[in-house]
Amino acid sequence: MFAQTVWLIPCYPLLGVLLSFFWSPALVRRTGPRPVGYLNLFTTVVALLHSALALKAFWHQPPQFLEFSWLQVADLQLSLPLEISAVTLGASLVITLLNLLVQIYALGYLEADWGWARLYSLLGLFEAGMTALVLCDSLFFSYILLEILTLGTYLIVGYWFNQSLVVSGARDAFLTKRVGDLILLMGVLALYPLAGTWNFSELAVWAETAQVRPLTIALIGIALVSGPVSKCAQFPLHLWLDEAMEGPLPSTILRNSLVVATGAWVLVKLEPVIALSPWASGMAIAVGSISALGGSLIAAAQIDAKRVLSYLASAYMGLIFIAIGSGYTDSALSLVLTHAFATALLIMSVGSIILNTVTQDLTQLGGLWSRRPVTGLSFVFGAAGLLALPPLGGFWALSDLLNHLWQDQQWLSLGIVVATNAVIGFALVRMFGLMFAGDRTPMTARAAEPFWLVVLPMTMMAGLTLHLPLAMNRLGLLTEQLPQGSQFSASLAWILLWSSVLGIAIATFFYIFPRRLSQNQTQDEQADAPIGSAVVQGARQVLARDFYTEEVYAMTAIALVDRLSRFTDWLDRYVIDGLVNLVGLTSLFSGEALKYGNDGRSQFYALTITFFVALIGLYMGWSYLMDWLPTQLTANALSLLP
Amino acid sequence: MLSPLIWLPITGALLIAFLPTQMTAKQARSGALAIAGTVLLWTVWLFTQFDLGNATFQMQEFLPWLPMLGLNYDLALDGLSLMMVALNSLLTWVAIYSSPDKTERPRFFYSLMLMVSGAVAGAFLAQNLLLFFLLFELELIPLYFLISVWGGPKRDYAATKFLLYTASAGVLILIGFLGIAWFGHSFDFSYESVLQVQLPLQAQLILLTILIVGFGIKVPLVPFHTWQPDTYVAASPPVAIMLGGVLAKLGTYGIFRFGMGLFPEAWSIVAPGLATWATVSVLYGSITAIAQKDIKRMVAYSSIGHMGYVLLGASAFTKLSLVGSISQMVSHGLILALLFHLVGIVEDKVGTRQLDVLNGLMNPLRGLPMVSALLILSGMASAGIPGLVGFITEFLVFQGSYSVFPVLTLCCVVGTGLTAVYFVILINRTCFGRLDSQTAYYGKVSADERVPAFVLAALVVVLGLQPSWLVHWSEATSASMVAAIPAAETVQIAEAIPESKL
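Each protein sequence line maps, in turn, to chains U and B. Under our numbering, think of the first position of the first sequence as 1195, with each following residue one higher. Under our numbering, think of the first position of the second sequence as 19, with each following residue one higher.
Here chain B stands alone, though its shape is the one from the complex:
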């Protein structure tokens, strides 16, 4: 049941790339869109089959591949994976939908996009550490091309930086995985058997740190983040949607699955440090975003801040904070995709992303009123205004983390205040202000550009008003993850902090 999520896009990618017929850009796009749509429908169907009460892995698929290496084709799904896969399928569809009609080398472009989607879906589903690693690395190559061929100025620099950073993240992750085998004297890399391995605490701590740094690069956490603004800025909007919306989640997913999941004892020791790190990331990202002049760069830094909340919730590891974190990954993906899509439209019509140049887009006659309205919506969703999806997920993280890390949680609340500051700057500069009617001859926003924006905006609003549709899927998984972490230490920390917090 899960394999189609991987193989449909990859087969589709190969078909689009190697079918000998002549294909126009439009045809390639519709083909890719059809495939992505099918995958999306398949994901929706998975939701209907998902057993909410079951906290263990579901819909297992197993095919022996290289048993002597411990590498098998082993897929399964729990609440966390389900959310991530859903995000991936949706944003792939959105990214392809939002790709312009006139993309150059269309067959190559769309097949690479589908490759990325398939590989990422595989990574989210993999129940084998080596399989995860392979798919994690597999996603890297098409993305490198996507950035370096279709990117903006400085794309080579950005693509190389992205490649180097992600490759080093991969190396660290591989070292971590191999270390588990080394210390545990077992070369079975399936997730279940690795769970059984009992490691000395010292070894756990070392491996956990390596993995957190490895995945932290992908998230990204400060100070391993400088690839991210460069890459987001250089990438074309659809690629940026995939990068920020989906790929960044591989990092947090990895920390959840292979950090917290595999090393529960060490996790409770590392957690306070990680929470501090997350808070630093939140504040650093939000403050730096205020000084940016390029919208995409601003959104990139905001993304650093928002991914910090995910890690805060993860380090607090209460049931509530984990559900919040997992939902925050989804809500961040949706909002970021919407923002990047809108920025793409603005750049396409107005020809610039510079906050100093843009002005008065809300003008109902000459400007881009609909895009401006949605830009306000997405900015406010990102700033955590209630009624939109960003608020409730952040709130769950905060409420869940407060009992464990009160001071750090309050610092992160300050972070949402800073988020409001830069989004107000963004909206004031782009949407408000006087439009110069002499120069404002902007193209019409086509239906193809509107549909993805409407879909994402609708999700942002609906899930914000009815958050149970978002949070219930990961509840059982979060509960079982919390249960795996030794209770004594959790209680100890929870009691120790309120004494010292004031």
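Looking at chain U on its own, in the form it has when it is part of the complex:
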């Protein structure tokens, strides 16, 4: 029963979205914004229950496919296929679950905001879009959903639209994602004539036997990878994720944990096609490696709490790209899962601090551990869940990936994964040290645990993160390496563990102990504790400024479009239109010359016009006249007869 009605899961939140439209400002003035929040919370609960029941029904069942016909035109048949399996239903369960927690969190976090109708309808839109995305089995509809989510990102980042940073953040998020989407669209367009289908399952079958020219499939593969590159905030299209932090924090939780992963999900589904071309998979690995190392390094140099987490999301997605490029979709999905929970928890705890310390500047924070133990513990659990620290989820997912890389002798990727793990560990502990260790600052002196509606979802999230390995075990994601771990598997696990410990230890040494020891230093000096040579400073600066990506954008793509548009505008006004006006002027002058030939008597004009109008009228009516006259004449003639 729950199987055949799985398509309803995205419909519940969508219904909430549609009903939210009624809470226009006029109605909000009468009812307040709260009903719309509760309404969307209710639809989320329903979607969650439905997902859970359907998952229970589908446990250990073979996947089923449903198809809804959407559009059939000419030789193109577009039907919406749904894949109902334990994996897709599990994903939709995760999405609805995180959404529920985020929506509860938003009740507390945005307690006094008037715009709940917009916020909750957009959260609902994301929920509907993402559940539909995981259920749908078609590249075309995935593209559609990704594109709608791009619009959703624009609107939700622009939530507080009267702040200029918000507006530019929304703009950049939309345009960057749109660039990726359109390259993906190019891939979608190009793939169909070759494969004759957009269904993922059929594409996988096609890819097994496909005979395509290497260049063609390389270009298509690269296009298909490029879409997710912007979705997953990979280099060089990663800047938007950082700017999107200007949006309300609850939406950030959702975005960094789940929405960025939608690109990875589509890529996992497309893996058979991408594997056809070594160029495409090579690009995925290259982009992933750069993002993983670069993102984690940048994260380690930020002083903005939200930024650290946003670059860490890029870095982790980079690891997922490496996994997909190397063909390990199972590891990729495990990474997506562990990343989603851990990141959501980290951002929730950071949000709980930002909410009542009113700052997200790490240099202004410190000494919160004694004041905010619940938040602090949540942060620790989140960090541990993200890192390769047994027994939490990240460890199993990463060691799974590492195993695969070892077996295929991908030493470079293996090194990058291990190094990234260490740097992520460093970045997280550094952040922990700056926020929770050391002395209390003026900003943190009075910080208490916030509103229970914020703390409750945060602690629930912590519980979920801690229990994730159990769930993964049930899902069979751990079985591969848990029981009879062969030799290299065990040594790899140690390498991984040691890399985490190394990163943690260095950061602990620099950021937790100095803060405990140096009571008398000022805040600024403390923040710059590990002072090095000019080279180190320079490197820090480059990392802190995100490799100057923003400036590079401004000098290349943005400048190009800007100059080009100004140039065509100039061309249009002065050259093309100028020519037209020149022609116009010439004829005007000749007209001026001609007019002296007229005498200007209006009677003459009138006569001329009347004459010719009559002539034309006579001519045009001639056929009727010819028909009509003879009959009249004969009639008259007949009447004249005696």
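You may find that some hints are simply not true.
To be verified - To list a few chain U residues with every Cβ distance to chain B over 12 Å, as calculated:
1) Ile1298
2) Ala1311
3) Ser1475
4) Gly1778
5) Val1807
6) Ser1817
As the list claims (entries may be wrong) - FRET-style restraints, in silico, Cβ to Cβ:
7) B/Val480 x U/Ile1810: 20 to 26 Å
8) U/Ala1251 x B/Gly291: 25 to 31 Å
9) U/Leu1669 x B/Gln456: 38 to 44 Å
In case anyone wonders, no lab produced these hints; they're calculated from the structure. Where a beta carbon is used, it is the ideal one built from N, C-alpha and C, also for glycine.
Add chain B to chain U, keeping to what the hints say.
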């Protein structure tokens, strides 16, 4: 069955203009609205009578007029005409609905609007080349007055420019039509008999080029487009809706009907060039739109870009691309009308259309939240966000054209990216940002202003979610048009391109 589409509005126009009673602006508007509504209902009824499976012309009406000239009153309807007529009836109704209550010289205004509508409907239905030409020219005169009397600043310049351009387009079209008679040695201008005329390829090419340029001015195609931004900017919103939503479609309709339809052999030769031209138009229009500071001008340039997609689909002439192109004409008409209507409201309430001045209209208390929401909707529809009607029609064009012109199609996809750029600029500047509460005392948006916007927005959403309601009508016609074009060349081009594309 078809004549009422022409004669109802024209009779109505004459009634409103010449009834001796004193009429207030409100009465004139309601009268015109009633007539436009009747025409709209009649169009809906036509949809119920339309035979979907039939690819030939339906509901033929014939009345001999000047047989010795080859000019007869000959109307009929196929999928293409049906879509165009429907767009015309709907947008006439919307344009009249969105005309302000306080229009000056109301009787003259509304009768001219109805005249335009009747003449355009006639042009879309005409099965006789000369009749088409007459009605094509007939629409020009009322529009000239509509622009030059009720327009904004620089209206005289714009109206004259419009008149000159359209008149020269008319001359080219007439030359083309007469050339067919000249080369074919037959002075029967009915569409069916012209179809039978066998012309040498050389002559076909010449005539086709003349016609494409003639209609291309109307579309408009770069570089014959400079009348269009000036005219759209100078025209009042209802007139701009008619101009951009309906009149521009006369150009693409003409290219479909009299270019592709009459010269299939030459068409397959011209097509690659035309596709390139269309792509240049798309990119040029979209890029130039980014630099505009006036919303109307921006929308005008965006319109150049969007009409380019129609021609891309036409030059690819696959079944899918033609259906896409025809639907794109409709979707562009709907979205453009919505945009112009909203811009009209903004201009009316705030008093400016300048992107540098506007700010923060989404403010729920002092701003225009509903208008802003709809502006976002229409901008995103125009930028091709899925779920709205703009996406699916563009997508059909792209998918249909890709197999024939892969590189050009991908360039046009870049065009939709640029569309997103300027609509984000538009939305960021007008809807987002901080509203200055000291100066923001905007009038209330009345129900009369909301209704047309809601109707159009509903269509944009519904047809976007359920596109089969839009595309099915023109499927049979597109199939028969493709079938008329020599298959050998189609295949040849289709096979030649993928080799060279990479």
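Hint check results:
no. : hint                             : in the structure
1   : Ile1298                          : holds (25 Å)
2   : Ala1311                          : violated (10 Å)
3   : Ser1475                          : holds (19 Å)
4   : Gly1778                          : violated (7 Å)
5   : Val1807                          : holds (15 Å)
6   : Ser1817                          : violated (6 Å)
7   : B/Val480 x U/Ile1810: 20 to 26 Å : violated (48 Å)
8   : U/Ala1251 x B/Gly291: 25 to 31 Å : violated (59 Å)
9   : U/Leu1669 x B/Gln456: 38 to 44 Å : violated (59 Å)
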